[in-house]
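K.L.:
Sequence:
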Amino acid sequence: MRAVAGTWLQPSAFFALWWCFMGIAPLIVMPKDSVSAEAMFFLIASCIAVTLGAVIGNAGFRTRRKAALQPATDKELMLMSTILVVALLAGFVSNVSYIVGSSINFSDVLDIEKLVVVSNELYVQRFAETGAPPPPALSQALLPFVYLAPAIGGILFVARRERLWKLIALMSFLPAVVVTILQTTKAAVLFAATFWLSGYFATRLRFGKLGVFTKAHVLAAGGVAFVVTTFFFAIGLARMASTDLGLLNVVTAKLVTAAFGQMSVFSHWLNDYRAQQFAPTLGAYTFAGPLELLGYGKRIPGIFENLVEFAISETSNVYTGFRPLIEDFTIPGALAILGLVGVAGGAGFRLVAAGSWSAVPLLILAYMTIFWTPITWFWIYNSLTATVVALGLIVLLVRIWRGPRRIVTA
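Residue numbering for the sequence shown follows this note's numbering, beginning at 1 and increasing consecutively.
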């Protein structure tokens, strides 16, 4: 698919590339934790399913791209830029609301030692079985803006040439960084980063830029990886209410299992699943977020309660995005849904490559789903679903405002 599409941005090629790393790296980094052949075969079948879907959505193997793609108009840039600033401000308001609603003194936020203690207390409360206060309502209501800002930031980083706006596009991460610092949850930064990258790569494709492993990207990835790893080490220490660097070995073990334990955990569960009776749950896990919102269930951190223990005595309940699909719809049903992801991604890729702004949210949807398959099913999170819906409405609003225009064909 990379060969026929000419780029790794084709969702089926991107899915296979992503899982080449996330599926094989655990075998190297954690060799003492076994991964069954069945798990690897399912992974290969998933790649095939996404590829077949992408071929259907792309209307064939090759993609016809338009020549002389027109740049974004001044109206488009102005409206998207305004929405980015509004989303940034709303994201910070969400953070302030969380601080106020959690009875945190602002002076504690500015003191590293006190902040570590506060972050640990909030972390313990979040995972407490009873007595944990609900998050402030305003903070939760504005949470989608924390993720909408980086999604638009990734788009504008490509679409705008001014250095000031590129800096603002990079600043779109800040509300998510604050969420991670306050709640010691790595997911907020990871959600923001994947939204930003999805918007960035979708917009590059819109402007005919197909490269992924460019020199600039490789250098930037190395620098960002170092900064993010250091940041996550600090968050790991905060979870233990400590600034003692002597605990780095403990934090390292936790980060390694969090980053590379998914294949062993999925394999362990898949072996048990094959011995169970046929009892699909028909959406109880895949739609856990909406069902909780409607009052028909309660989603727990990590979705699943049972833990798998690794050889280094750490545990995890990160079963990848495959387990919710298999639990709900069986293995053939899970592969069919992954095929639908491929259809959506293939259609989005075809339309964006042809110069359509309207299909950018569809392609971002596919990228985000793929990014999160090694961890969980992306669509269980209401705030993230709301973010994608809002992004689609924004792109529709931009198109209506600037009106139709003709795209020059090669």
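Each hint should be verified, as a subset may be incorrect.
Dumping the calculated BS3-like pairs for lysine-lysine here, alpha-carbon to alpha-carbon at most 30 Å [stated by the list, open to error]:
id: 1; residue 1: K186; residue 2: K32
id: 2; residue 1: K186; residue 2: K166
id: 3; residue 1: K209; residue 2: K166
id: 4; residue 1: K254; residue 2: K186
id: 5; residue 1: K32; residue 2: K75
Derived from the structure by calculation, the hints contain no laboratory data.
K.L.:
Against each hint, give a clear statement of whether it holds in the structure.
P.N.:
Hints, one by one, checked against the model:
| no. | hint | result |
| --- | --- | --- |
| 1 | K186 - K32 | 26 Å, holds |
| 2 | K186 - K166 | 25 Å, holds |
| 3 | K209 - K166 | 18 Å, holds |
| 4 | K254 - K186 | 12 Å, holds |
| 5 | K32 - K75 | 56 Å, violated |
Checked against the numbered hints listed earlier, the structure breaks hint 5 alone; every other hint is satisfied.
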